[in-house]
Amino acid sequence: MIESNQDESKKKWESALMALLVILILCFLLSLTLGSVKIPFSFVINYFTGQGNNEIWSNILENFRLPKAITATLAGSALAISGLQMQTLFRNPLAGPFILGISSGAGLGVALVIFLGISIGGFIELSGIGRSWLLVGASAVGSFLVLSIVLLASFRIRSGVSLLIIGLMFGSAASALVSILQYFSHAENIQSYVIWSFGSLGSLSWDELSVFTPIVIAGLLLSLFLSKQLNALLLGEDYAESMGLQLKTARMLIIICTSILAGTVTAFCGPIAFIGLAIPHIARMLFNTGNHLLLTPLVILLGAITLLAFDIIAQLPGLQETLPINAITSLFGAPFVIWLILRRSNIKYSL
Amino acid sequence: MKGIRSNDLTIGYPPDKRLIENINLKFTPGNFVALVGQNGVGKSTLIRTLTGLHPALAGEIVLDGESVSTYSQTEIAKKIAVVLTGKPESLNLSVLELIALGRHPHTGWLGVLKETDKEVIEAALSQMEINYIATKKLFELSDGQLQKVMIARALAQDTELIILDEPTSHLDLKNKIEVLELLRKIAKSGKGVLISTHEIQLTASACDEFWCVDFGMPFLTGPAKEIVDTGVLHEYLHLPSTVRIL
Amino acid sequence: MLVSLAGCISTPKEDVRFEEVGFKITADIKYASKFYFEKDDSSEYIVVSEPWPGAITEKRYPIGKAPLRVVCTSTSHLPFFELLGMEEVVVGFPNLSLVSSEVFRARAENGYLTDLGPDGNMNMELLLSLNPDAVVAFDMGGESNTLDKIAEVGIPVFHNSDFLETSPLGRAEWIKFFGALLDKRAEADSIFKHIEKEYLRLKDIGENAGEKPTVLSGVVYGDTWFLPGGKNWSSAFFKNAGGEYLWEKDTASGWLELSFEAVYEVANDADYWIGTSTLNTKDEMVGQDGRYGSFNSFKNNQVFSYNKRLGPQGGYDFFESGYSRPDLVLADLISILHPESLPNYATVYFQKLK
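Chains as they are written, first to last, in this note's numbering: chain Y, 2 to 352; chain E, 195 to 440; chain U, 118 to 471.
Possibly wrong hints are sitting among the right ones.
Heads up, incomplete: computed chain Y residues facing chain E, CB under 10 Å, no partners named [to be verified]:
| no. | residue |
| --- | --- |
| 1 | S16 |
| 2 | A17 |
| 3 | R92 |
| 4 | D239 |
| 5 | M244 |
| 6 | N292 |
| 7 | L294 |
Residues from chain E shown here face chain Y by an in silico Cβ test under 7 Å; the list is partial [as the list claims (entries may be wrong)]:
| no. | residue |
| --- | --- |
| 8 | T245 |
| 9 | L251 |
| 10 | S284 |
| 11 | P299 |
| 12 | I394 |
| 13 | L396 |
Note that these hints are calculated values from the structure, not bench results. In this text, a Cβ means the ideal position worked out from N, Cα and C, and glycines have one as well.
Make a model of the complete structure from these sequences and hints.
Rendered as structure tokens:
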């Protein structure tokens, strides 16, 4: 009986996985085809078979749309997975990738460079590092600092809730520092910061992607190996320990994994809301499982699909204007989640 | 010796909140033990200390002949399974998924189930007589069903000892009797079963041994019948002598 | 007669009030569209018709005794005081670190000019302690609270909306606003007449200089390329300098926010790239986004920006004095787009990025 049951759910899972994979490929191709500049789908195919004969279109595909589609795919997966991990680790349906203050830390790093960085920035620029790398670096250092403090605290504190509160406190403190910096800054710099906070998927160069891609993929692989630990945590920390889980080690690994994923995405793309919070819920509701070994691949695919789709919307295909991705994710995502909840009233059991 | 032995164990909270001192106990496979005492005396703390979830203040716990401090968390988990009070934090799992979690200390890196794991899970389902709800979600179960599922998870952990904190509280009478009967059968099958409980009457006829704790009194163990007959149980639980237990 | 006069001035909605009160518009503003002068029997007024973006009521200021102590709030106000020789009346300014003008910097160092704190959050107590007779304010629509408070304590607030002008000469003509305020109307008229004459002479040269090279402007922030709309101040300059701004047919007077690929498709083979925001070298540009390097203007080394004159804190003098001297800006642009038309000319604001 257990055999047939397992086979049946395994089959269901496999077909869900295949369906998501197909949708992902479609979304990826669609995001290459749709944009401000009209490029026919046949040209996209020709480009990949090496027969593209329009230099401008080829250049747009190669240097604009392909890097953007790859960024959206990886960033969506990364944010969704770190949201899943934080929700399980803290057993809190409102947790997301930034609950421990990662984006506030990153924001503080970026704010320091934008608001105070003319002199430091000039110095670094002299040594040949571009402004985009400077922002990436500052953001990474900022989130790493917040993360280290939270990790240090995690060795002293057993309760997940206390850790959560410490993360929130550091987040608010970092945001407050950003406000003070903003208060004393020129309008142009404030605008630069605000634009950073809108998020950006399309500004990664191939150079940056060559760093971004391996880090995110490593984080996603690590997350697969953490699914056993996360499953044990589903019953609570005491049960997890009684089943042999090294609570502090597991917690540290999970926090590091989330920080690698969410921190890297924030460093390269700015803060992107909604995906991390909502995709895990959507995955649990659509596929009706809390088992992380099954959930992790589904969440990876669903996160990628969602961010790709939102990016297509943000590009306003056919128009020359674009909308900020960070606004689109919440604007179009929130109604969808509300609809899911109204359709299925058991959200309280959705962890 | 198989099972748990303690030498002059003191439990409580650091630095100096001592709950029970100089505990010398023996808990071996095949035995069904009931831990009784008033609320707040330290029953849960003792259970958490014995299962390694809480540090001891003094003394030593010996598991299968060696000090528990020499075991890793996973090694302990292969010898002792726990059922705690309260519902699990996540209820979006199926019964099978939850029971499968019991295989945690036995599975590899990814936690993928092998054939042997599936056999153990199936056996746990049958032993708890819950095959008919195997595919249900936890949030669909009654309290009695959920408790049986939680015990099945402990069975699937495939340990020689199972320790349960108040497994019958919050259950109706029919379910209390059923759960105790199932636990008795589990002990008969060769596992050690330790429960903490306030169900004196129901437990007394099912268990082999009572462990009694009370404020300011020494930790006392003995065969169930002897503990009841000598009036020790009445003394530790502050019961009037008119209350009949067996 | 009054009705027909009102008809030839741009705002017909004024008609009704004209007849009611007997105001008379004086016709000495030629290019600026956001302010004008009005006369009645007893006195004359400066009327700011759109004191902040989208404002529906105008502001009317009687022209009276010139103030002796003025606080102004935008760097673009300062050059008008300087041109009129009235720099000593400015006693307070927010965020002095932005100021490029050497005259005002020197006055600040000698204690004649007080820094009032961050833009938009001026220190009110400090401002009151300066005891000003007038505050010249720019209001983007959100500063009203501070300005209301200043007015409440009895200090007259003059709204200056020069930034809403879309023509170069219109923006420069605001010198007449300051002329009227500071009782220097004759000087203001004569300075503007000179600038106008020079601008029109240069415009004639630029627009008749033959082939019109194509022009791209702006840079990308995040995923969005900010570039001047077709009715923007910059667009008019490009046109008058004899260039073809690639978005000149657009109807926005503000800024366009386009996707990078949309700009790339239109402008990748533009001849010139003029105006690169805060990016001051080509290295900085490719450091921010490597894709800048694939534009023809970049490859052919035809990227220019307004960073020749920087203040000590990195402020751009172009955004301070450039608005008041459109003749110099236009000459710079002509010498970039048609160097043969202005031989031996040395640019004031613009330079080629290295």
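Do the hints match the structure? See the list:
no.	hint	result
1	S16	violated, 18 Å
2	A17	violated, 16 Å
3	R92	holds, 5 Å
4	D239	holds, 6 Å
5	M244	holds, 4 Å
6	N292	holds, 5 Å
7	L294	holds, 6 Å
8	T245	holds, 6 Å
9	L251	violated, 17 Å
10	S284	holds, 4 Å
11	P299	holds, 4 Å
12	I394	violated, 26 Å
13	L396	violated, 26 Å
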